[in-house]
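Participant: Take a look at the letters that make up each chain.
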Amino acid sequence: MTAPSPAIPVVVIGGYLGAGKTTLVNHLLRTGTGLRTLVLVNDFGAVAVDAELIEADEGEVLTLVNGCVCCSLSSPLAETFETIRAMRPPPELVVLETSGVADPAPVAHHAMTPGFRLDGVVVVADAATVRRRAADELVGRTVLRQLAAADLVVVNRVDLATPAQLAGLGSWLDEVAPGTDRVLTEHGRVPPEAVIGAGGGAPALSTEALPVHDRWIWNPGRPVDRGELEAVLDALPSSVVRVKGIVALTDEPTRRTVVQRVGRWRTMAPGRPWEVGEAPRSSLVVLGLPGSVDPQNLGRMFDPAAAAPTPTPGGGPRNGDRQPPRPRGSGPLPVWECAPWDSNPEPAD
Amino acid sequence: MGTPDTTVFVARRIETMHPANPEATAVAVRDGRVLAVGTLEECASWGDHRVDRSFDDKVLIPGFVEAHGHAMDGIVATLPYVGYHPYPLPDGTSAPGVRSTAELLTRLRELDAALPPGEVLLAGSFDPIFLPDEPRLTRDVLDRVSTTRPIYIRHASGHLATVNTAMLVAEGITRDCPTPGVARDADGEPNGELQEPAAMSLARSASRRLGELNADPSVLRMHGELCRNAGVTTSTELAGMFLMYPALAEVWHGIVDAPDFPARMVLYNLPGMPGRGADPEAAADALLALRDTDTPKLRNAGCKLLVDGSIQGFTAALRWPGYYRGVDHGQLLMAPEEVEAAVRAFHRRRLNVHMHCNGNAAVDLALGAVETVLAEDAWLDHRHVVQHAQLTTQDQYRRMARLGLGVNLFVNHCWYWGDQHHDVTVGPERARAMWACRTALREGVPLSFHTDSGVTPIGHLSTMWCAVNRRTPSGRVLGEHERITPEEALRAATLGAAFQLRMDREIGSIEAGKRADFAVLEASPLEVDPLDLRDIPIWGTVLGGDLHPAPGSA
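Line by line, the protein sequences are chains A and B.
Under this note's numbering, the residues of the first sequence are numbered 1 to 349, in order.
Under this note's numbering, the residues of the second sequence are numbered 1001 to 1554, in order.
Read the hints as simulated data drawn from the structure, not as lab findings.
Backbone N, C-alpha and C fix where the C-beta goes; we use that ideal spot for every residue, glycine too.
Treat the hints loosely; a few may be bogus.
Claimed, not checked - DEER-style ranges, computed between Cβ atoms:
{"#": "1", "chain 1": "B", "residue 1": "D1176", "chain 2": "A", "residue 2": "R300", "range": "42 to 48 Å"}
{"#": "2", "chain 1": "A", "residue 1": "A279", "chain 2": "B", "residue 2": "G1427", "range": "30 to 36 Å"}
{"#": "3", "chain 1": "B", "residue 1": "E1212", "chain 2": "A", "residue 2": "D136", "range": "41 to 47 Å"}
{"#": "4", "chain 1": "A", "residue 1": "D136", "chain 2": "B", "residue 2": "P1022", "range": "30 to 36 Å"}
{"#": "5", "chain 1": "A", "residue 1": "E79", "chain 2": "B", "residue 2": "D1176", "range": "20 to 26 Å"}
{"#": "6", "chain 1": "B", "residue 1": "E1212", "chain 2": "A", "residue 2": "R300", "range": "54 to 60 Å"}
Said to hold, decoys possible - Non-contacting residues of chain B with respect to chain A, defined by C-beta distances greater than 10 Å in every case (computed):
{"#": "7", "residue": "R1053"}
{"#": "8", "residue": "V1120"}
{"#": "9", "residue": "H1253"}
{"#": "10", "residue": "A1317"}
{"#": "11", "residue": "D1532"}
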């Protein structure tokens, strides 16, 4: 008997034809993931990386200096996963790009066979065309099914979308892809850390129970210290896969700050100003692997970040107040640092 | 004088499918081709000849042309069959249909007794849609066959397998298995049903064995024998793999080009793995290069595109109002943009495109692609074909006619799933309008039929029977207004199919200059009671002048 090797995480990248899956994959290949990564692409001919990144080019297998190996997905999926199981050394991460009309859910199910774990389903949507496609008589259901299977929706091509197209996209996604996270970007430029660890759950067959994350919500009653919070976010155990939400920072009293942590990567980006008379408040959602989130421990870590004895103007909610948690994915779209979006950082819903 | 190189076959009757000479009693063959057809005197007048009276009391018709088959149907000879309808075997016998759980158990126990210990018991084509009153097939049922030998039953839909407890244990499939699709009983234990490919792949011993069976070239030899037994002289592989696995071409040529292989094979190659992207321009160039290796018995005619799934699997893409009962899993396998790009790539190289479209929404997509490409590039005689086309509507037939598209209807469904379409999948009104042969002919759409061999048994007497009678197993006539005459049906099964393969210049009718490919029958399809069409005994075939008797005929 050989010692069991750890399950290989699999990221499934879906989305309708032309939404930007290949661009995103090319971006991933260029930036690397920090892991020995096997990238299975739908159309090998569309792979575009600079020559200096290529360590070896064996026709249908491209080895990059950053540890990525890219090849074409040319066998039935069950066979492909069987082949990966036999690889020595095994890859530390598998990224699998589906075809433009594929339903990512059954593809993701292969990542839930022995030797693998589904890291997440990332669905790329074209900001300008996704709603029109979703209403299309021929392909609408395909597009909606893809979005419903997502853990993370990468809203791509925001540079090509009109403000009118962007307005309302968030609430529309809440309807068609409830419970998903969102990233806005252009040219598929999303940091690998945003794509890796996006899910952890799985889109299940309708009769199956969804494996869900443990969840803990932090509602501090006082404004939060930026440096303290950054330190807490960086110190979280690896069983925490996701942190997101809005905080009121002591050094940013006039507007929200949007907090995102995916894997090891985090951002704290300026959000919408607080309305006149609106009480600044904070709410962070922490998602962890099942059985791994210890509320007491997390409370001990987070609470000091809001411990500064600054009185809360207007009498906001107190620490420990029970508020109904915000539904996953609702509210303003988070803005990622790599996707400058100068004119209109948060579309009005 | 040396040995005459001309043979004159005399028959009781010859249906030529040539409107100017519809009936004859003799056909002269030289160099594998028809020299003349008419009376014995007319044929003899060409000079030196030998008279062959083997078919004195028989009927010759043009060899049947199966324009949508799959060579993998030969697998029934190696993978035990537990489908509902009987299935013919290469040796001329039939695998019996399995009509109940009790019959399934009996069959599996026979197979179990015949297998060496330790070997996995595999069986295929089980179809619970026909057994609505039987309890669901679970491991408990299969455990009554064996508690020690792993058993794997593949369902006809391809979306499901049922295994016994011994298989679950051998493959370590337990209640802790995280793979979706491992169905469970009320206690949370796997019940033996493995749904969809991810869960099915957990039974790795079975997957490996099925892969080996599929890759075995003897399957292709069996297909040739099944063709011969059914009177088919030209068959097709509509999911040709030569573009994906170029080494296959040599294997196939080795088998098909041999004189004992009793059929011509025409391939429509998939440009890439179904449901995946592929560069159609590169695929079309590769197909052009492949054609240089064509022989008279094996040729690469064009490209096959898979646009949607199946109706009985609820995976075909339907227009509103969708399915009658059951959950709609309608799924396009290609985006409209991808279909258009593929049609463009092959069309521009004057290569024929055949598009699998079971649902009418998929047909819309195919018609749109052809319309766009035709406007760019006026290849008027393209003969692109919509395949299966089961739910094609009146407006779509009119549009097909104007775009020059042919339709190859999966009319065998009427017998094999007609009642299920009426009662379950699409409901009475649309079931009556399925495989609308009369509409296709009325609107002027070039028509042929197919069996999708492997899905239903190869044989055009069956498709003709369905097109002419439209009877279902329950006894209903499903869509009396879409019935056609035996002569129209025979034309679709011979010349109509040859036209769609762009081979009507050389096969599909019996007339001077064409290949001497005949089906040899004991009665004429144009003489018998239409309800007896599918029961006409078949002696075998003549291929390029050579006799290929079915087992028991020689």
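Participant: Measuring from beta carbon to beta carbon, are A:D136 and B:P1022 in 30 to 36 Å?
Facilitator: violated (50 Å)
Participant: Indicate whether the distance between the beta carbons of B:E1212 and A:R300 respects the range 54 to 60 Å.
Facilitator: Once the Cβ atoms are compared, 58 Å apart, the range 54 to 60 Å for A:R300 and B:E1212 holds.
Participant: For B:E1212 and A:D136, compare the CB-CB distance with the range 41 to 47 Å and indicate the outcome.
Facilitator: holds (42 Å)
Participant: Against chain A, does B:H1253 keep a CB gap of more than 10 Å to every residue?
Facilitator: Holds, since 23 Å exceeds 10 Å.
Participant: Measuring Cβ to Cβ, find out whether B:R1053 lies farther than 10 Å from everything in chain A.
Facilitator: holds (53 Å)
Participant: Would you say B:V1120 is clear of chain A, with no C-beta pair closer than or equal to 10 Å?
Facilitator: B:V1120 clear of chain A: closest Cβ-Cβ about 16 Å, beyond 10 Å.
Participant: Would you say the C-beta atoms of B:D1176 and A:R300 sit inside 42 to 48 Å of each other?
Facilitator: violated (33 Å)
Participant: Determine whether the Cβ-Cβ distance between A:E79 and B:D1176 falls within the hinted range of 20 to 26 Å.
Facilitator: For A:E79 and B:D1176 the Cβ distance comes to about 25 Å; the hint holds.
Participant: Is 30 to 36 Å respected by the C-beta to C-beta distance linking A:A279 and B:G1427?
Facilitator: violated (58 Å)
Participant: Hey, does B:A1317 actually stay past 10 Å from chain A on C-beta?
Facilitator: violated (8 Å)
Participant: Any Cβ of chain A at or closer than 10 Å to B:D1532, or is the non-interface label fine?
Facilitator: holds (43 Å)
Consistency with the previously given hints fails for numbers 1, 2, 4, 10, ordered from lowest to highest.
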